[in-house]
Amino acid sequence: MANSNDSNSSKDKAKDALSCNTLMFNTLVKTLTQAVSEAVADLYPQANLEERALYDIFSPAPNFKMGHLSFACFPLAKALRQGPPQIAGALAGHKAISECAIVEKVSAQGPYLNFFLKRESLGNIVIGEINSGEYFEHRLIEGDEKWMIEYSQPNTHKVLHVGHMRNLCLGNALVRMCRFGGVNMTAVTYPGDSGTHVAKCLWYLKKYNKEEVPEVEKGAWLGEIYTKANTLLEDELGTDKEEQNRKELTEILKQLHGESGEYYDLWQETKKWSVDLMKEAYDWADVTFDRWFWESEVDAASLSYAKELYEKGKLVKDDGAIGMDLSDDKLGFCLLIKTDGTGLYATKDVELARKKFEEFGIDKNIYIVDDRQAYHFNQVFKVLEKIGFEQAKKCYHLKYAMVELPDGGMSSRKGNIVPLMDLVSQMEKQIKEQFLNKYLEDSESGWTQKEVDETAKMIANGAIKYGMTRVDNNRKIVFSMEEWLKLDGETGPYLQYVHARIARLCQKLHYNEDLIVDWDLLNTEIETSLMVKLMEFNDVVAAGIAKLQTMHLCGYLYDLGKLFNSFYAECPIGKAENETLAHTRLALAHATGEVMREGLALLGIPAPEKM
RNA sequence: GCAUCCGUAGCUCAGCUGGAUAGAGCACUCGCCUUCUAAGCGAAUGGUCGCAGGUUCGAAUCCUGCCGGAUGCGCCA
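Note that our numbering has the first sequence beginning at 432, numbered continuously upward.
If you are wondering where the hints come from, they were derived from the structure by calculation, not from laboratory data. Quick caveat: nothing in here was measured; it's all calculated off a predicted structure. Hints may contain errors.
Claimed, not checked - Okay, the calculated beta carbon distance ranges per label pair:
(1) K845 to E913: 17 to 23 angstroms
(2) Q938 to K907: 39 to 45 angstroms
(3) K748 to E682: 39 to 45 angstroms
(4) A974 to G524: 47 to 53 angstroms
(5) F505 to D759: 50 to 56 angstroms
As the list claims (entries may be wrong) - No more than 30 angstroms apart at the CA atoms, straight line, and that leaves these computed lysine-lysine pairs for DSBU-like:
(6) K549 to K649
(7) K824 to K577
(8) K817 to K743
(9) K743 to K860
(10) K577 to K649
(11) K745 to K710
Even glycine gets a Cβ: it sits at the ideal position worked out from N, Cα and C.
Whenever a hint applies, use it, and build me the whole structure from the sequences.
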């Protein structure tokens, strides 16, 4: 009993931290909501239903044969004291709905009210807004809370590998989506530039390394040194060298803390090599941060803050160590000062949170970190709450499962990793060989080598980012180079291809905003389906922001791409029966291109003009 | 032992706060370039939704138990 209550409340708290309200931005759904509201008020005068509640009931119909939008009457049954099918029947017959200006046809199917919208309304309101750009200006999220997302916490002195990309792609996409929806968002990173891994790396570099430091790619080389250091230290465990090694590492850490000595100088020099590597990856991913919080920056401050908390009686001493007893909350004991007087990971995270609250005045604090840290963050958030930070309730650990290799987890400690740039370069090579190089010889298309290189880069970028953001955060990704190099089916390049096709089409057929269109001419199912799909874009993004998920946007863009490709195959544009139809279809294609470009941009994926 | 996550087609995954016939991709089979980019389109094949109960008008979805897998649980980060 107590257990289930506890788990409920912790789930509720997590929801609380996430919660945000989406606005009623969908023009057509809003119009339908008003119609339904009017009909309900007329038919059931005693009922008192808010428009907002009605608006939320609308959803896409399961398939385009049944309608464009559905309204399920189940939620109304209690308030209206009638069965859902009866309600649906009554509403369908009311003229506020059946004669609504945007409704082509409405029918009650069992408990559902299914709407077909007028092509003219879809065209003028949806396609028109998209092509003018107005559609992308809607604010999606209510309120003016300040949000912060911390993502990408790579360690210096280790290799950046494909596992880090999941975090980076996810964070990048969420930041972009939130900003698109009108959220005041600050993006920060927290690289680990201090601690034992650094000491180990420097220890090996100074004492054992015989290789020349390379001229280029020093960061990757340094990562290999770290792996060697670890291997050596593990090999010497249990030998008479173990004690000596430990002493040497402690001495190095002491120098780093004291900010002087040969190892401190070496740290400063080598850190730069790693940071250059990080920046290379961030440039590749087109990621920027508003603030870099260095681990070394909070190191000393975190310890003095913990001491201060202890003196104030907020922490207790136990077994010689200092921390907070969270056993009442089933979170054990959160250790903050070790018996040797130094701090820990949690100590730094408490200080970092304090800094975020004070420096930025944030209301919502999101951490994108892998799911192995769940317990750690539960402890840290609880500590913050008990210290007295109101914002602790709005701290949220956005978990994701690890990227693994077919034979198990990736570990730079063991060195069984795929460096990020290996994947990128192999993919670019493959893209050129399989697709782009042929355009070099083709005198008609006449691509330059530079165009080939740039396009290959964009496509590899799209493939990796889509691959990393399309699966549920809770599901682990097993990385296989062979699989990732397959670029057909549901992939980033499929979406980019749709965009490139449209761009070419608009160019060849001279798309412009002044084309004379007649939306009523679009009378095939595929054309109206495409229009309805386009209408849903903002809804999908808003839902993604509310849930902090990228997966649904990926799925949406893929569905949109599929619809477009079917449309492209079935409906001739340049050779349509008449000019107005050609122009109308071209406007629809252009709108699809705009949504695709914007959607890809939210995932951080570039949209090539040709490929 | 306790906690979190996962278990849906041969493989990789969708299925949103329970709701209308469980959907894609890959693989396999068949069709489509004298028409706007075939990195494409169309068709066919493939599922007792891990198992067992419960709640409900209705459960892949919520609850409980079990099975199988991953991860975490005080001096690492």
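Okay, the hints, checked on the actual structure:
no.	hint	result
1	K845 to E913: 17 to 23 angstroms	holds (22 angstroms)
2	Q938 to K907: 39 to 45 angstroms	holds (42 angstroms)
3	K748 to E682: 39 to 45 angstroms	violated (28 angstroms)
4	A974 to G524: 47 to 53 angstroms	violated (32 angstroms)
5	F505 to D759: 50 to 56 angstroms	violated (41 angstroms)
6	K549 to K649	violated (61 angstroms)
7	K824 to K577	holds (14 angstroms)
8	K817 to K743	holds (13 angstroms)
9	K743 to K860	violated (61 angstroms)
10	K577 to K649	violated (38 angstroms)
11	K745 to K710	violated (40 angstroms)
Checked against the numbered hints above, the structure violates hints 3, 4, 5, 6, 9, 10 and 11; every other hint is satisfied.
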